[in-house]
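Enquirer: Given chain V, work out where chain S should sit, using these hints.
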Amino acid sequence: MMDHRDVERFSGSTRSLHWIVMLSALILAVTGMVLYVPQWGFIAQDGYTRVIHRVAAVFFVGVPLIYFITHPLKTLRFVLEAFTWWRDDWKWLKAAPDYYFGGDESKMPPQGHMNSGQKLFWTIALLSSLGFIGTGFIMWFLSEQVTGWGFHWSLFIHDVCLIVGGTMIIVHFYLGVVHPRMTESLRSMITGKASTEYVKGHHGKWYRETSLKPRKMNEVDNT
Amino acid sequence: MPGKAILFDATKCTACRGCQVACKQWNDLKGVETTNRGTYENPANLSVETWMKIRFIEETNNGSVAWLFARQACMHCTDAGCINACPTQALYRHTLGFVAYDKNLCSGCGYCAEFCPYDIPHLDTNQITGFGKMDKCTFCQDRVTNGLDPACVATCPTGALQFGDRGELLMQGWSRARTLQGQGHPDATLYGENQLGGLHVLYILDRGASTYGLPVDPQLPLAQTALRDIMRPVGYGLVGAVTVGLGVNYLVARARMVREKEDR
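Protein chains in written order, with numbering that gives the first Met the number 0: chain V, 0 to 222; chain S, 0 to 263.
Same shape as in the complex, but just chain S:
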């Protein structure tokens, strides 16, 4: 899977959330008012105004507590549920490998949000009329196609975020994961090499992916495969066959009636 990728090293993240601010600043997204929920993690969820955030995880292990941080934003999957589900082709794969979208084409149907295994796309839909548009991390398309790093990467002070060729980041990530394994983290791993055909956001984790709230083996929903690969051809086939059948019936019945008239 060639193209570009973002590499997130969970062991280097201090949760300063400079990336969250940089994302909002570069993409001109409004701040959202939040309430104290008993955690520094803020806001609670991604939204049309928040395309990336740092998740805070408290792990208790034999009486000691570990405070873990994980980046949450679009994973830019290769087998992307959102691209498959999008009926207007507003979502598409950029030549650099990430999942881009043309907001003008968005119909606001929300299928992308429903079929995303990571719950990333969000919409500001009006419940009654259904008007709304989807927004999510754009991979800073406007920056990366002009030789700049994504805003979150550019601002990261600890080097927890890197941007580069996916192949190189894979090698770098695995080497770091193996180092961590040797430093007493037997479950350390690189997440994202093979999930959903390969993600364009890779995670260096010192613990199992599930500890960080990431699905170990995410799958596209069965209903989606059924919709796309079975129902569409079945629908076209049935309507086609019936139309042809009725056409044949018309010709036969018509010819028969003409003959009846002649016989009379």
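The following block holds chain V by itself, in its conformation from the complex:
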């Protein structure tokens, strides 16, 4: 029998964090790319896109910072999970093409709250964010202090982060919203809930761990 009860995947504060960071990242990407794609250059004239870029940057840095201050342990657990790789994660990556192309789930090892692909996304997202923030800070506040090459390579790293991080966002968007088999990930990031069926299949390890705890499923706290 299908289990239609819902499991809470993401808390309200985590979902707010996701959407605010996503929105500011999108604004940052568009207002930054007017200086990257020569044909879009005319949009940047008079520097209004830079003001928007800087306001979005304040949100991009400030909101995760507030989240970290208000949920320090949760944040650290989350980062720790993303950076911890088990043998199962390599198995998952090897089996992933068969699943994402052919729908063959049989070789996928059971996953925790975050699957290996999400870990990979998170690692790259976090590293490129740190790259963006560090070099952006230099170019915004320290352009007078750094010598020529300091600015040149900041700009270069900023661009590398755009290419790497931007590509990962495209993949993230595709897997979360477009891929025909990913029926519940977008819903879980909007409502916070996913069906038990979906969670058993996609995050089996996490489901087992949380369902062993003596509380009701819809009260499960998670990162």
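Calculated from the structure, these hints are not laboratory results.
One or more hints might be untrue.
Unchecked claim - Examples of chain S residues toward chain V, derived with CB under 7 Å:
id : residue
1  : Pro86
2  : Gln88
3  : Val241
4  : Arg253
To be verified - What the simulated footprint calls covered on chain V by chain S, stretch by stretch (three residues with Cβ under 8 Å from a Cβ of chain S suffice, anywhere in the stretch; the number is not a length):
id : stretch
5  : 33 to 43
6  : 48 to 62
7  : 94 to 104
8  : 145 to 158
9  : 169 to 175
10 : 178 to 189
Source: prediction; values computed, not measured.
From the three backbone atoms N, C-alpha and C, an ideal C-beta is built for every residue, glycine too.
Expert: Just chain S now, kept in the frame of chain V:
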């Protein structure tokens, strides 16, 4: 490298700075208040209000002091770091060879200033908002395209500044440099023939270029070449390849799901 050029003869410059005043007057630039720094060189740096100035150099050699003067303003390079770096194409090469700019297009990003090997472009940027515009020597575009000499050249009383066809000025400059060599200046040279693909401001110098504070062999920064020639195609290529890959994945996965449904 055809086009026009300005020829500066350091041995004829008396540092009267009439050129500095003429530049401000013609281009309607405000005077800036300065403080005594122990030198006649004034103001200390180029800015949005000062597009050219004369630099004062004191050279001590075997107990004797030489007072040297060098013009400082945009060199109008052929391989111009500023044009390469400008994301809005506000900076461009004029058909007469110099580096012109359309201030309306300027976004105030300041990349031109960061990538200029001579530290010429300056901006009046607000640190917080980033609003600002770049300014630099325009080669008196409005004058030279109407048959007049640039303001600095027109006013120079000693003939230290000349304006004309770059090819002719090159010949004239080298001939003057060789004369100086014969007059006891073995290091005399013409600066600007080959630097950065050829400058449109040439210097007759009686000493080595480095004595006058000019880089002997200026190079565009490696990061700039890497940005323009490698990162841009890599970025387009990666995003293109990933998008195509995801499209293929969608079609394959979709077809597979349809088949599963039919089989059931």
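Enquirer: At a Cβ distance under 8 Å, does chain S reach at least three residues of the stretch 33 to 43 of chain V?
Expert: Check passed, 7 qualifying residues.
Enquirer: Is the coverage entry for the stretch 48 to 62 of chain V by chain S consistent with the three-residue Cβ rule at 8 Å?
Expert: holds (count 4)
Enquirer: Does the interface hint hold: is Gln88 of chain S within less than 7 Å of chain V, judged Cβ to Cβ?
Expert: Because about 6 Å separates Gln88 of chain S from the closest Cβ in chain V, which is inside the 7 Å limit, the hint holds.
Enquirer: At a threshold of 7 Å, is the proposed contact between Arg253 of chain S and chain V supported by beta-carbon distances?
Expert: With a minimum Cβ separation of about 5 Å from chain V (threshold 7 Å), the hint on Arg253 of chain S holds.
Enquirer: Apply the coverage criterion to the stretch 94 to 104 of chain V and chain S: a residue qualifies when its Cβ sits closer than 8 Å to a Cβ of the chain, and three qualifying residues are needed.
Expert: holds (count 4)
Enquirer: Tell me if Val241 of chain S is really an interface residue toward chain V, meaning its C-beta lies closer than 7 Å to one of theirs.
Expert: holds, 5 Å
Enquirer: Mind taking a look at whether chain S covers the stretch 145 to 158 of chain V? Criterion is 3 or more residues with CB to CB distance under 8 Å.
Expert: Coverage by chain S holds for the stretch 145 to 158 of chain V (8 residues, Cβ < 8 Å).
Enquirer: Do the numbers back the hint for Pro86 of chain S, that is, is its least Cβ distance to chain V under 7 Å?
Expert: Where the cut-off is 7 Å and the nearest Cβ of chain V is about 4 Å from Pro86 of chain S, the hint holds.
Enquirer: Between the stretch 178 to 189 of chain V and chain S, see if three or more residues pass the 8 Å beta-carbon test, and mark the coverage as holds or violated.
Expert: holds (count 3)
Enquirer: Examine the stretch 169 to 175 of chain V for residues whose CB is less than 8 Å from any CB of chain S, and state whether their number is three or more.
Expert: holds (count 3)
Of the numbered hints stated above, none is contradicted by the structure.
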